[in-house]
Amino acid sequence: MSDKVLEVEELRVEFPTRHGVLTAVDGVSLSIDRGEILGVVGESGAGKSMTGMAILGLLEPPGRIAAGRISLSGERIDQLTENELRQYRGRRIGAIFQDPLTSLNPLFTVGKQLVETIRQHLPLSASDARRRAIELLTEVGIPAPEARVDHYPHQFSGGMRQRVVIALALCAEPELIIADEPTTALDVSIQAQITGLLKRLCKERGMAVMLVTHDMGVIAETADRVAVMYAGRLTEVGNVQAMVRAPRHPYTVGLMGAIPSLTGDVQELSQIPGNMPRLNAIPAGCAFNPRCARRIDKCTVDIPTVSGSGVACWAVEDEVRT
Amino acid sequence: MSQLPLLEANALQRQYDVSAPWLNRVLERRPRQFLNAVAGVDFQLEKGQTLALVGESGCGKSTIAKLATGLQKPTGGEIVYRGDWNRVQMIFQDPFASLNPRWRVSSIISEPLRTLKPGLSRPDVARRVGELLETVGLSVADGSKYPHEFSGGQRQRISIARALAGEPEFLVCDEPTSALDVSVQAQILNLMKRLQFEFGLTYLFISHDLSVVRHMADTIAVMYLGKIVEIAPKQDLFDNPMHPYTRMLLDTIPDLQNPVRDRAAMTGEIPSPIDPPTGCSFHPRCPLASEHCLKETPVRSQEKFAGRVACFAV
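Listed in order, the protein sequences are those of chains A and B.
So the first sequence is residues 0 to 321, counted in numbering that gives the first Met the number 0.
So the second sequence is residues 0 to 313, counted in numbering that gives the first Met the number 0.
Hints listed in this document are in silico derivations from the structure and should not be mistaken for laboratory results.
The beta-carbon is built from N, C-alpha and C at its ideal position, and this holds for glycine as well.
It is possible that some hints are incorrect.
To be verified - Some but not every residue of chain B turned toward chain A, in silico, with C-beta under 8 Å:
1) Ser182
2) Met247
3) Ile269
4) Ile273
If we strip away everything but chain A, and leave its shape as in the complex, we get:
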């Protein structure tokens, strides 16, 4: 079990507001091994980014971790102070966000930003750090890194900027990378370059990667395992190929049917009736039950979990038992 880089158990993230406490993440448990990419997929408001932010210790107050544990290579990190956390972020957990323009400081050259981050975490001299920065830019596939290191972020294209952000995340050789929608702002022809890079780095360096995205296609081709989230809870966890071939949770089935196909011919896309509930109006029992065609009595009373079968659904569990 020493291969588990990240372990999240029963994580609960709450936002106290004037109108009561909102639960953005509710009882989420997941783990990522060395060299593994876990895809976390869901629609807006499903709590996938919140889970990532909680792991990074970057929840915006009043958001807070209300329950559960987060461990990095066996050490608990959810109760650290802000100062201790700062030692972890960047050093042991790297982060890549959606918009590369906002992750980079427009006033400094990328070299200066890389050197600063490297020296923050590693005991290197300025010239060694610069050499390391150039190595990192080479590794993420930036052409002519010796010249590019002195350029400003605006002189890079979107795809190249995202490569710089990945280089920044790699500075201190972290064990875990949290990538939140890293390809959403990029064109399709560039998207494949970035996911390819993430895959290569993950395998070569044995990093654990948590890939948060709404794009099932990207998950299907990049991740090893996938966790589907709905209204702050996990609905289905499992091997990517198996889930893509045969989704089991009614929500996952609906989600996959809603994606226009590149091969088959469908006149009408399958539609999930209704909308995802707001956080202040999550129904009792299974959060998906009002929209679910397979609802049974138990669904409106008890909350199903993914433990065991990997599917948080009473109807699926019934089916397995009989």
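Starting from the known structure of chain A, fit chain B onto it as the hints suggest.
Only chain B this time, still in chain A's reference frame:
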């Protein structure tokens, strides 16, 4: 099919002046600079059909939307629209920016009615707004709410209801579902298809998402840096892509049904449209590029595959 197409673009061009300010040009001796957002585009759109424009950022697809609705004038070539200009409507990408937050939904939807049919009485307008809300799957009571009370998908329904208010025959949809979640996207795409069938609408559908385009379009035009590189009926384009760019595009998009774990990524980047490569603008990324492609710009011609593809190598 002897009927003339509803919309026709002939050698359509749109240029933007992106020069530095006058003083800089004089002091730094910089020349004027132009960006050719649309650089000679031809297409025809028959009544009741859907033509999709697909391409990556900066390929000029949104500029064509503006030209086709008459929001901007072309700087070269022409747009021929054989219909009633009052019956052209547009649906935009961002349902948060395209609805006035201070107006009630009923005022938003009735605006085209009040402008285009000033003779309509108030009760008639109210009845029509109620009908439109129900057509797009909202309820009459939603008319008295404000846009912020709705989710993204519901707002897009409001935009569609507003577009339908003018009884359009031609709708230009610029990335109508890009800001939406997939399950909501499915609802909107199904709605748009149903409306097309019911009202015989003609769509110019703009998107960067090939799977969405495949679902919606009859004909697909693939654009690259201001030009159509390939145009073909949907089935032909997907079964037998001809232009190297179309092929690479189809090869790089993740496929949910048949995932390719070691997909080869397209090399290179999209060049700047201010300073496009000489000859065929795709040649720096093209595996089939030859000397010829560097010097001359390929055009679609009737002799070659009935004007389907602009490429020397196929």
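Going down the list of hints, with the structure as the test:
Evaluation of the Ser182 (chain B) hint against chain A yields a held restraint, the C-beta minimum of about 5 Å falling below 8 Å. The interface hint given for Met247 (chain B) holds, since its Cβ lies 7 Å from the closest Cβ of chain A, which is under the 8 Å cut-off. At its closest, the beta carbon of Ile269 (chain B) sits 7 Å from a beta carbon of chain A; the interface hint therefore holds under the 8 Å criterion. Below 8 Å, beta-carbon pairs count as interface contacts, and Ile273 (chain B) has none with chain A, the closest being about 13 Å; its hint is therefore violated.
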